[in-house]
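Peer 1: Chains A and B, in that order, are what the protein sequence lines are. Quick note: to get my numbering, add 10 to the position in the first sequence (first position is 1). Quick note: to get my numbering, add 118 to the position in the second sequence (first position is 1).
By construction, these hints were calculated from the structure, which means they are not laboratory data. We put the beta carbon where it would ideally sit given N, CA and C, even for glycine.
Covered by chain B, per the in silico footprint, the following chain A stretches (three or more residues, Cβ under 8 Å):
1) 180–189
2) 357–366
3) 396–410
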Amino acid sequence: MAETIYDAVVVGAGAGGGTTVRVLTEKGLKVALLEAGPPIDPQKDYKTHKWPYDYGHRTAEEGGAQYFRRGTDYGFFTTVSGGWQLDGEPYTVAAGSRFTWFRSRVVGGRTNHYGRMSFRFSAMDFKPWSRDGLGWDWPIGYEDLSPWYDRAEKFIGVTGTVEGIPSAPDGIFETPPPPKVHELLMQKAGKKLGVPFIANRRAVITKPKNGRPACHYCGECGRGCLTASNYSASQVDIFPALETGKLTLITDAMVREVEIGDNDRVTGVVYIDKKERAEKRVRGKAVVLAASACETARLMLNSKSKQFPNGIANGSGLVGRYLMDTVGYGVRGSIPYLENMPRYDTSGFGGAHLYAPWWLYDQHHKLDFPRGYHIEFGGGFRLPGPGAFHAAARKYGYGKKLKEKIRQEYGTSIGLSGRGEMIPNNQSYLDIDPDVVDKWGIPAPRFHFKWSDYEWKQARHMEKSFSALIEACGGKGLRQNNAVREGEGISVPGSIIHEVGGARMGDNPGSSVLNKYCRSHEVKNLFVADAASFVSNPDKNPTLTINALAWRTAEYLAEEMRKGNV
Amino acid sequence: MSSNFVSVEALSRRDALRRIALGVTAVGLAGRIDRADAHEVHGQAAAEKTLQGEYTVRYFNEHEFRTLEKLSELVIPADAGGPSGREGGAPEFIDLLCSENEELAAIFSGGILWLDHAMLKRSGKRFVDASNEAQTAMLDALVRAGAAETAADTAFDTNDYKRFAMYGVRRPADIRRGLGFFDWARRLIVDAYYTSPAGIEDLGYIGNASYSEYEVPREAVEYALSRSPFRA
Chain A
11 MAETIYDAVV VGAGAGGGTT VRVLTEKGLK VALLEAGPPI DPQKDYKTHK WPYDYGHRTA
71 EEGGAQYFRR GTDYGFFTTV SGGWQLDGEP YTVAAGSRFT WFRSRVVGGR TNHYGRMSFR
131 FSAMDFKPWS RDGLGWDWPI GYEDLSPWYD RAEKFIGVTG TVEGIPSAPD GIFETPPPPK
191 VHELLMQKAG KKLGVPFIAN RRAVITKPKN GRPACHYCGE CGRGCLTASN YSASQVDIFP
251 ALETGKLTLI TDAMVREVEI GDNDRVTGVV YIDKKERAEK RVRGKAVVLA ASACETARLM
311 LNSKSKQFPN GIANGSGLVG RYLMDTVGYG VRGSIPYLEN MPRYDTSGFG GAHLYAPWWL
371 YDQHHKLDFP RGYHIEFGGG FRLPGPGAFH AAARKYGYGK KLKEKIRQEY GTSIGLSGRG
431 EMIPNNQSYL DIDPDVVDKW GIPAPRFHFK WSDYEWKQAR HMEKSFSALI EACGGKGLRQ
491 NNAVREGEGI SVPGSIIHEV GGARMGDNPG SSVLNKYCRS HEVKNLFVAD AASFVSNPDK
551 NPTLTINALA WRTAEYLAEE MRKGNV
Chain B
119 MSSNFVSVEA LSRRDALRRI ALGVTAVGLA GRIDRADAHE VHGQAAAEKT LQGEYTVRYF
179 NEHEFRTLEK LSELVIPADA GGPSGREGGA PEFIDLLCSE NEELAAIFSG GILWLDHAML
239 KRSGKRFVDA SNEAQTAMLD ALVRAGAAET AADTAFDTND YKRFAMYGVR RPADIRRGLG
299 FFDWARRLIV DAYYTSPAGI EDLGYIGNAS YSEYEVPREA VEYALSRSPF RA
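With the hints as constraints, model all of the structure from the sequences given.
Peer 2: Written out as structure tokens, the structure is:
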């Protein structure tokens, strides 16, 4: 039997890979999709609608693993797959750096459980260097990506309202649900302080779309949604693509390297079949990498050949470089006058119903940091799980008083989290660890990372503005720490799970890896469809931009293929 | 109240019913269920609330289990808002976890031995056999000792469920065996109660449900606004 040669081989079944295979199969192309993890069966794998008491362990997991920091990261219900460490798949962190890496090995990847915040980059975000001389401009502008944001939003479904705020461009929106009580209070506090809280933009549908029923407001999106009322690459992109008959999904396939032929074209990929523990190969006329930014950079660096001794398409030496995460910092407080408030269901569509886009975008000349952040928040009557009342137990002892206090204070806490833009720097990158290989025999990545003063100062601004907002709400119990350690005064790099960069796009092959269509400058049939292509990391959660860029790249690839240019 | 200690193997009616419930859940295209089915799943979950029942004790001996039952009644006593931690299934929860985790089992078995030893010294009786006054005096002493110990508490100073996995676990020095045990027992009793149907009802949590429209009730808005700095 002749070996199948696919039109395209796509590596990674998350937001980028999912979008790519859906678009390519709609165009009639024959596609192979490789996923390092298992297939997913939402019926079995999502814990939608379950209660803690459905499990003897009440979600503390076997032997109370959660109490010993051995449980599922983010909780038993929340994470569909993956974690900060995967058995037998190590990564290393260089001395002097901290970095933590969350990987999901499963069809749909992290989109099965992510926060679904969906923000467009703004015109300013694409040209940061032109504004303040830091970092680099993207080779595309807002006008280039805007039509693809339109397509992505129309297809995925994103809530929001038209606001006309330059730092947060409007899109094509689903009707958002109304604000909850603590959100209304924060909105009023924001008004006093000049911070605009507007309807949140999340990838949730509030009306039926493409056979997907509308959200039913159970509020537990992080578990995965059985009705596919929020976006996940698995249910929204990949399952429909499979129904076309054009897609071959190969799971438990850990790609080891991209293979190159004599003519500087890639011929396919070599992967480890994890179940058989055997090396296999799949061939294609084009290869699209969408393994997640760090995994894509690692794969490129590990794909060495005589043409590319430093990794495929790495003539610039920039593969793995200018890795970025989002700056995170949070402040928690409580609003005492909410005690004994009449109970209502604060679940809503699973996240905050409001958020604040960056509001000082034209005030940077007065600030000691160059880039902005947006504010996310939490609060309300949350589903209790293990740990929910440990602080109260410590504080109030035991017995009747403890029980009464828990009842009284339930739902009074509120938290604000900043999500800010970091400036790419040359101390933040990944390379290949010279000594460590994973259990598939593939060399492991090694991370180097440094926040600069820009990020630290931004975090201090978050601290001040969040405290002011909670105070303006009539809240108390704020924690001001001014800490200078990562994990206390600023998030640990990688922990916001917005890692982007490592194969940035640009017009100049000497200073970028990909061109403006996310096609390799050097290898004409090699493309990237994940966040590795990002030139900067605006304060916008990256998934919607991954969707939009991947859609644009997939259409470009299909068109170039039709013209015979691939 | 007599003990819930069950030493015979009992067929789990609950498990059997759950299997039937899962079997009737409609599966749509590509593993999705539609909104009507979502309502049905919620209904099944609600029906299961009534199916809590027989549990076969796996790890503790009868005396230990009875001690946990008593502690569960003392830490979370029944009141007008809801039943006790014992009725919230705390002893069974702790037993299950201890049957799966030697480290936790040692904390509880050792802790109960410590507690009985301390009580015998104080009042000449083991904890479960002592008077209610003696029991609460013991717990009050532990609470006072805990309050005096100020170090390393900040790791617990959060009730953010999603960050729960980031919690540290304090391992007290040997001389504080009793204090460490009491902290563990109290945390697990509180967790068991507030994750039980009764505890969830006590709190008034009404989410994880299914609606066609999401609304915020006027009375909740008015309650908050009228007490806020933004009142008219």
